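Take the sequence shown: its letters are residues 103 to 275, numbered as in the working numbering.
No wet-lab data here; the hints were simulated from the structure.
Where hints are given, some of them may not hold.
Claimed, not checked - Heads up, simulated BS3-like pairs for lysine-lysine below, C-alpha to C-alpha not over 27 Å straight-line: (1) 182 with 170; (2) 207 with 193; (3) 161 with 182; (4) 233 with 246; (5) 266 with 227; (6) 266 with 246; (7) 193 with 178.
Source: prediction; values computed, not measured.
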Amino acid sequence: MEWSRVFDLDLQLLADSVLMMVAIFILFLAASYFLFNPVRDMLEKRKTKIKEELDDAQKNQAEAIALKEEYSSKLKDVEKETEAILADARKRALDNENRIIQEAKEEANRIIERARNEAELEKQKASDDVKREMVVLASLMAGKVVKASIDTTVQDSIVNDTLKEIGENTWLS
């Protein structure tokens with residue numbers, strides 16, 4: 103038995119096997135360099151791009167939430183400002199109403215005072231008219247007394263007639 107043929111292997115087969123292994127290894131290295139590395143790079147770029155897009159999406163979502171909170175805050179501020187404006191308008195309307203009522207009361211008081219003054223003037227005028235009439239009556243009476251001259255009974259009757267013409271109420275007021 104020959105040592106080289108133990109497993110039915112000869113040197114040629116071993117050399118071919120080693121040569122084939124080296125060729126497969128070189129082919130693997132070449133395929134790795136020309137195929138696997140570009141595919142790995144492409145996958146790595148895609149992974150990076152997806153990660154960036156996810157980060158951008160999270161960033162945009164955070165910004166959207168912040169904007170929503172900001173707008174909610176502004177909306178609340180606008181509602182508060184609106185309420186303040188309405189409260190101020192109500193206050194001014196109430197103040198205006200009170201001012202108008204006060205002016206109306208003052209005008210009513212002025213009208214009442216003017217009416218009292220006019221009534222007092224009318225009363226004074228009536229009193230002056232009565233006094234003028236009394237003077238006229240007194241002068242008429244004096245004229246009648248002078249005409250009747252000495253007769254006292256005639257004079258008393260003239261005074262009584264004059265008093266009756268004037269009326270008792272005039273002397274009492």
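We went through each hint and held it up to the structure:
Straight-line distance between C-alpha atoms of residue 182 and residue 170 comes to about 18 Å, which keeps the hinted pair within the 27 Å bound. As the CA atoms of residue 207 and residue 193 are separated by approximately 21 Å, the hinted pair is consistent with the 27 Å bound. Proximity of residue 161 to residue 182 is assessed by CA-CA distance (about 31 Å); at most 27 Å being required, the pair is judged violated. Between residue 233 and residue 246, the direct Cα distance comes to roughly 19 Å. Compliance with the 27 Å bound is thereby established for this hinted pair.
For the suggested pair residue 266 and residue 227, the alpha carbons sit about 22 Å apart, so the restraint of at most 27 Å is met. Between residue 266 and residue 246 the CA atoms are separated by roughly 15 Å; this keeps the pair inside 27 Å, and the hint holds. For the hint pairing residue 193 with residue 178, the CA-to-CA distance comes to about 22 Å; that is within 27 Å, so the pair holds.
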